[in-house]
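So you can see what is in the structure, the chains are spelled out below.
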Amino acid sequence: MEEKKNHIEAEHKIFGPEDFEKNYSTLNLGPTHPATHGIFQNILTMNGETIEGAEQTIGYIHRAFEKIAERRPFYQITPLTDRLNYCSSPINNIGWHMTVEKLLGVKTSKRIDYMRIIIMELARITDHLICNSVIGVDSGALTGFIYLFQEREKVYDIYEEICGARLTTNLGRIGGFERDFTPSVIKKINDFLNGLPKVLKQFENLLIRNRIFMDRTIDVGAISAERALNYGFTGPCLRATGVDYDVRVMNSYSSYNDFDFIVPVGTNGDTYDRFCVRQEEMWQSIKLVKNALENLPEGNYHMDVPEFYLPPKEDVYSKMEPLIWHFKIVMGEIEVPVGEVYHSVEGGNGELGFYLVSDGGRTPYRLHFRRPGFIYYQAYPEMIKGSVLSDAILTMSSMNIIAGELDA
Amino acid sequence: MTEEKKTYTFTTRSKVVSNKKMTFMEKIYFPAIIKGMLITFSHLFKKKTTIQYPEVKRNIAEIYRGKHVLKRDDEGRERCTACGLCALSCPAEAITMIAAERKADEMHLYREEKYAKVYEINMLRCIFCGLCEEACPKEAIFLTNEIVPSNYERENFIYGKDKLVEPMDKDKRIDISKRQTTAVLEFKKDKNQSHNN
Chain B
2 MEEKKNHIEA
12 EHKIFGPEDF
22 EKNYSTLNLG
32 PTHPATHGIF
42 QNILTMNGET
52 IEGAEQTIGY
62 IHRAFEKIAE
72 RRPFYQITPL
82 TDRLNYCSSP
92 INNIGWHMTV
102 EKLLGVKTSK
112 RIDYMRIIIM
122 ELARITDHLI
132 CNSVIGVDSG
142 ALTGFIYLFQ
152 EREKVYDIYE
162 EICGARLTTN
172 LGRIGGFERD
182 FTPSVIKKIN
192 DFLNGLPKVL
202 KQFENLLIRN
212 RIFMDRTIDV
222 GAISAERALN
232 YGFTGPCLRA
242 TGVDYDVRVM
252 NSYSSYNDFD
262 FIVPVGTNGD
272 TYDRFCVRQE
282 EMWQSIKLVK
292 NALENLPEGN
302 YHMDVPEFYL
312 PPKEDVYSKM
322 EPLIWHFKIV
332 MGEIEVPVGE
342 VYHSVEGGNG
352 ELGFYLVSDG
362 GRTPYRLHFR
372 RPGFIYYQAY
382 PEMIKGSVLS
392 DAILTMSSMN
402 IIAGELDA
Chain G
9 MTEEKKTYTF
19 TTRSKVVSNK
29 KMTFMEKIYF
39 PAIIKGMLIT
49 FSHLFKKKTT
59 IQYPEVKRNI
69 AEIYRGKHVL
79 KRDDEGRERC
89 TACGLCALSC
99 PAEAITMIAA
109 ERKADEMHLY
119 REEKYAKVYE
129 INMLRCIFCG
139 LCEEACPKEA
149 IFLTNEIVPS
159 NYERENFIYG
169 KDKLVEPMDK
179 DKRIDISKRQ
189 TTAVLEFKKD
199 KNQSHNN
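Heads up: the sequence lines are chains B and G, in that order.
All the letters of the first sequence, read from the start, carry residue numbers 2 to 409 under the working numbering.
All the letters of the second sequence, read from the start, carry residue numbers 9 to 205 under the working numbering.
Calculated from the structure, these hints are not laboratory results.
Note that beta-carbon positions come from the ideal geometry of N, C-alpha and C, so glycine has one too.
A few of these clues could be false.
To be verified - FRET-style restraints, in silico, Cβ to Cβ:
#1 Glu341(B) / Lys55(G): 49 to 55 angstroms
#2 Glu114(G) / Ile335(B): 33 to 39 angstroms
#3 Leu117(G) / Gly196(B): 51 to 57 angstroms
#4 Tyr61(G) / Thr33(B): 25 to 31 angstroms
#5 Thr20(G) / Lys386(B): 34 to 40 angstroms
#6 Asn206(B) / Gly74(G): 50 to 56 angstroms
#7 Gly74(G) / His369(B): 51 to 57 angstroms
#8 Glu341(B) / Thr189(G): 53 to 59 angstroms
#9 Gln151(B) / Ala108(G): 26 to 32 angstroms
#10 Pro62(G) / Gly196(B): 24 to 30 angstroms
This is chain B alone, in the form it adopts within the complex (with noise of 0.2 angstroms):
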């Protein structure tokens, strides 16, 4: 018996040894369990229906990405990035081309820094739209889901337009884009803009004012202010508690503070607010990428960095200099600066920060995502604790956490 206990004991340090005279039982969250839209893994301790303690294990699908990105040229690793949160993979991609813009040092223009709000601000729409939808599915109302999910095909269709790819964008070159706004591109992004708001007015009539929805949510998964921002939230999850951090504003980047935009906050960072602030960021996209498609200044799609970007394809095709420059980047035998930098950019679910040591090499000498899935996670034990399991798997989809972006 007392090895039996000690056995147990050393499994679930939380509990103290008086815990194990209740009659708990140990319950197996996934990690493949189909309401956790992921492979997460929780080790819940139930009391009946009650959640006394959870332990989260992650690494299930670790992919090593800080490692592998230590041996690849900075080009290469992009389509890395796409892979951390597959819901809105361009704005990894782009918060990682201006980490390395921000290490050598290259200053975009404004018309780069509109495309790239446009860009950031879709993809921060079809984020929340797949978050909030799929509150929505866990909390028994799968229709408005289906509703979303049209919407989120359309911006698909822009991405695929702007550079060929849906889920896994690979978007963007080091010092501005591959390809410029084609017309075709910018008529789906007018016929997005006109065609959503509707849609999500719909979404939110079947939904925020329900009672049987706010019941649902409304207290779940709470956390306060001070707990949040000693764990390190950021992004909806923070501004849910009340607390109006959020890097655009903060920290602008991309020229995000030549538009004005309403940070919505929560009062008490439970389900329903996570759910409300990442509704209303939504209106506020859209009238982010209206603005930036309107103020769209002309010019270059691409900074004149020849070392870094790659020459056009008509010299390279029939000069000697631009071909040698096109065998050096390719080959990343370029010299990069030594030194090391942050950047942190507003990915969808939260402060999606770059930190890269170089030596000068061809490779970054480390690299390291700050993931805010990761640290959301953290806190998933605290917020779940005493609470009932069918709560516990809306407080999950409510935070967010993509499973891609947790393992990296």
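Got chain B; can you put chain G on it based on the hints?
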């Protein structure tokens, strides 16, 4: 313990968006159910958004990054010179090539004096990022808007030159001009350039 709830405000742009107080009408929750049912019901009469694949196919963008093609020039000679830049730039290490020297009787087959004897792309490794297309200095490899079909055997996903090189027949050549910039298309009209003849 001086203040119950501390507020954290960093900007002047913040706005509280969630309202948790329910009105009487919201509390009785029948109107919300009826409203929801009406929205669902109205969708019965809307245009269907599903596509009846495979009878109907979605329009794929012209610059879609799908199956690769190895181009030939106007006279039907393979453009690839086996420089290896595509294999080097591939983040997934999906491209394998073995170079060989062109013989005197192969002038009509290969454009340059070095050519790729073996050129294989492992379509299970390939992530369709398009970096090989960008790295090619000889206008030889392009991605097309065709999708790699499924198969039962893993071996069949290793595409060799038999599947990658475009047909010799001029009518069956694959048009990739939509993927190129207008400056390149302009340049290709100039037949005095050694790249174009």
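Now for the hints, and whether the structure bears them out:
1. Glu341(B) / Lys55(G): 49 to 55 angstroms: Holds - the Cβ-Cβ distance for Glu341(B) and Lys55(G), about 54 angstroms, lies within 49 to 55 angstroms.
2. Glu114(G) / Ile335(B): 33 to 39 angstroms: holds, 36 angstroms
3. Leu117(G) / Gly196(B): 51 to 57 angstroms: For Leu117(G) and Gly196(B) the Cβ distance comes to about 52 angstroms; the hint holds.
4. Tyr61(G) / Thr33(B): 25 to 31 angstroms: Since Tyr61(G) and Thr33(B) have Cβ atoms about 28 angstroms apart, the given range 25 to 31 angstroms holds.
5. Thr20(G) / Lys386(B): 34 to 40 angstroms: Since the Cβ atoms of Thr20(G) and Lys386(B) sit about 36 angstroms apart, the hinted range of 34 to 40 angstroms holds.
6. Asn206(B) / Gly74(G): 50 to 56 angstroms: violated, 40 angstroms
7. Gly74(G) / His369(B): 51 to 57 angstroms: violated, 34 angstroms
8. Glu341(B) / Thr189(G): 53 to 59 angstroms: Violated: the Cβ-Cβ distance is about 36 angstroms, outside 53 to 59 angstroms.
9. Gln151(B) / Ala108(G): 26 to 32 angstroms: violated, 52 angstroms
10. Pro62(G) / Gly196(B): 24 to 30 angstroms: Taking Cβ atoms as reference, Pro62(G) and Gly196(B) lie about 27 angstroms apart, which means the hint holds.
Comparing the model with each earlier hint shows violations of hints 6, 7, 8 and 9; every other hint is respected.
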